[in-house]
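Undergrad: Chains A and B supply the protein sequences, listed in that same order. For the record, in the first sequence the residue sitting at position 133 is 133 according to the numbering used here, with numbers rising by one throughout. For the record, in the second sequence the residue sitting at position 146 is 566 according to the numbering used here, with numbers rising by one throughout.
It is worth saying that the hints were derived from the structure and are not from the lab. Mixed in with the good hints there might be a few duds.
[Claimed, not checked] Residues of chain A clear of chain B, computed beta-carbon distances all greater than 12 Å:
no., residue
1, V10
2, L11
3, L102
4, W136
5, A184
6, S215
7, R231
8, E265
9, A311
10, R312
[To be verified] Coverage of chain A stretches by chain B, computed from C-beta distances (three or more under 8 Å per stretch; other residues unrestricted):
no., segment
11, 72–86
12, 236–250
[Claimed, not checked] Which stretches of chain A does chain B cover? Using the computed rule of at least three CB atoms under 8 Å from a CB of chain B, they are:
no., segment
13, 294–302
14, 317–331
Each residue gets a CB set at the ideal place from its N, CA and C atoms; glycine is no exception.
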Amino acid sequence: MAAGRRRRAVLAPLRQLAIIVRDTTFVISGVPVQLTALAALALPWLVPHRAKQDAIAVLVGVALVLLVRVPLTAIQRHRFWSLLGIEILKPVAAQGSLRHRLVAAVRSEVVWRQLGYHLVVGPLIALGGMLTLALWTAGAGLVNLNGWAYLFPPLGRFGLEPFHAKALTLHIVAQILLLLMAPALAAALTWLDSHAGRALLGPSRAVELERKVESLAESRAGVVDAADAERRRIERDLHDGAQQRLVSLAMNLGLARATLTDLPEPASQVIAEAHEEAKEALAELRNLVRGLHPAVLEDRGLDAALSGIAARAPLPVRVQVAVSGRASPTVEAVAYFVISECLTNIARHSAATNAEIDVRRAGDALVIRVTDNGIGGADPVRGSGLASLARRARSVDGSLQINSPAGGPTVITVELPCAS
Amino acid sequence: MRVVIAEDSVLLRAGLIKLLAAAGIEVMAAVSDADQLLAAVPVHKPDAVIVDVRMPPSHTDEGIRAALVIRRQWPEVAVLVLSQYVEERYAADLLSANTSSVGYLLKDRVADVDEFVSALRRVADGGTALDPEVVAQLLVRRRNDPLDRLTPREHEVLTLMAEGRSNSAIAQTLVITDSAVAKHINSIFAKLDLQPDDGDHRRVRAVLRSMGLG
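Using the sequences and the hints given, assemble the complete structure.
TA: Right, dumping it as structure tokens:
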């Protein structure tokens, strides 16, 4: 703890210093880039021409500005990223013919915003940048001057003359002020520039949001797939491990029960009980694993996989599937899970005597309807099971509707998008 | 009886060999994947093979595919498929060509040694042995068909028939007389519209119809 505090005490001023250096570098490095567009606009006026040609000079200037806009923006983007770690996304470039691109550029607010930075905000900040440079230079110059004055006093060997002492004090105060103002100005300009840059140089808010949504959708799909893969792995591990061992155990107990007929009654009783329990454990484990991710789902699809859970339900269940072709593995897994959970819920809470599963394709959606003739009153707010089902459906942009009036029947409709 | 076993779990392979030996059944070979099984069948010419569904390399339905090859190439070899899970689709595949000399059971069933051995013998003798779970799955799939007209008792009888049981075994299971079983079966035949003069064995046709295959 103490060592950490000491280290922090040493590091804090160092970090402050690093920030000052960074801000100053950032501000000063911006100056030439921020002045380029204005320079490009002014360039034609440096060429001697007659008053009649002013219009041409204006046109050439504008063309030059448009020409340097793209590389300037790229340089700024690089500057923001490498010095401040701020990522300004690349606006989407218009496609097509030159004329088409020009029209798009005139219409695009992205281009106007960028020009606003390069021609107005940028140059103003550049003025500040030059001032920062001047402050640092003046400050450093004074330090230099005072240093020489102290080391090589021009008058007398034993101290400074009163005039020089006064001048020196003034110099020192000025140098301290300058050296305080320079980093403050650099920090303020950095703040200003980073806000202006983000607001004016990047893509529009809508485009940025669109990209964010895209990347979120991508990462969510990744998470959903990973969870799916994990369930598959667990299923496989249990299949190859615990289930085989349990089968072997039950088989050995069965063998003992069948062959050891001359055992005393209590011993054979224990073996019989162990045998029955091993078989029950096996059945329980199988039901659990079947709910995770059945191999047949991957192998033969949703339709084939539903027979197993429907047959295992403690009430008669009818299954109707009218889907040609396969949905994506993720959608199939979600559909399977949702139906499996619905059947569990029905068995637990609905007091239904029969249920029906209907799966069909409607356009780009897989529509699953699970109906039971139970007591109804299913409420997603009260039961966490239905809420988790809805979450699961939403994880692939699907939806879940519950229609469950008191007295029943309950109809749960799940729609999962599956563009083919 | 002589059998070949294909099972990738070492533990279960050893257990099966022990179990079959205790029942006086000779295990000619015990292999760990489908390719070895298909190589072993012509060499050993067994009466029956016992096949696990999920085996290397892909751990999906290798066993089913190997079973189908054996049924096509060596129809005299009975096939008993074992699996941690039974699936009606696999059952339909296995039974699609013909329903004799084939069995499809949950691995759990090996725990009941006598029943398992008798199912194996039944299959080797040209009968069928379907797991009750498969039959239950098949019944989930029925659509507006004559099966809806069966009484619950007739359903039970048909289910046991589908599992490959004989009349007396059905009578024993349901604790009814043999003649009651015969009456139920006749009623099933009538409701499924299976005439006595049908060329195929009516029992098998009834089972097939219950699977939506007939």
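Undergrad: Now, for every hint given, state plainly whether the structure supports it.
TA: Tested hints:
With a least CB separation of 59 Å from chain B, A:V10 remains clear of the 12 Å interface cut-off, as annotated. At roughly 55 Å from the closest C-beta of chain B, the C-beta of A:L11 stays outside 12 Å, upholding its exclusion from the interface. For A:L102, the requirement that its beta carbon stay farther than 12 Å from each beta carbon of chain B is met, with the minimum near 57 Å. Interface exclusion of A:W136 from chain B stands, the closest Cβ pair being 70 Å apart, more than 12 Å.
With a closest Cβ-Cβ approach of about 68 Å to chain B, A:A184 is found to remain outside the 12 Å limit, as its non-interface label requires. Even its closest Cβ contact with chain B, about 34 Å, leaves A:S215 beyond 12 Å, as expected for a residue assigned away from the interface. No Cβ of chain B comes within 12 Å of the Cβ of A:R231; the nearest lies about 15 Å off, and the non-interface call holds. A:E265, annotated as away from the interface, keeps every beta carbon of chain B farther than 12 Å; the closest lies near 20 Å.
For A:A311, the requirement that its beta carbon stay farther than 12 Å from each beta carbon of chain B is not met, with the minimum near 4 Å. Under the 12 Å C-beta cut-off, the non-interface status given to A:R312 relative to chain B is violated; the minimum distance is some 8 Å. Counting residues of the segment 72–86 of chain A whose beta carbon lies closer than 8 Å to any beta carbon of chain B gives 0, which falls short of the minimum of three for the stated coverage. For the segment 236–250 of chain A, the assignment as covered by chain B holds, since 9 residues bring a beta-carbon within under 8 Å of that chain's beta-carbons and 3 suffice.
For the segment 294–302 of chain A, the stated coverage by chain B holds: 6 residues have a C-beta nearer than 8 Å to a C-beta of that chain, and at least 3 were required. Given as covered by chain B, the segment 317–331 of chain A passes the check, having 4 residues with a CB less than 8 Å from a CB of that chain where 3 are the minimum.
Hint compliance for this structure: hints 9, 10, 11 are broken, all remaining hints hold.
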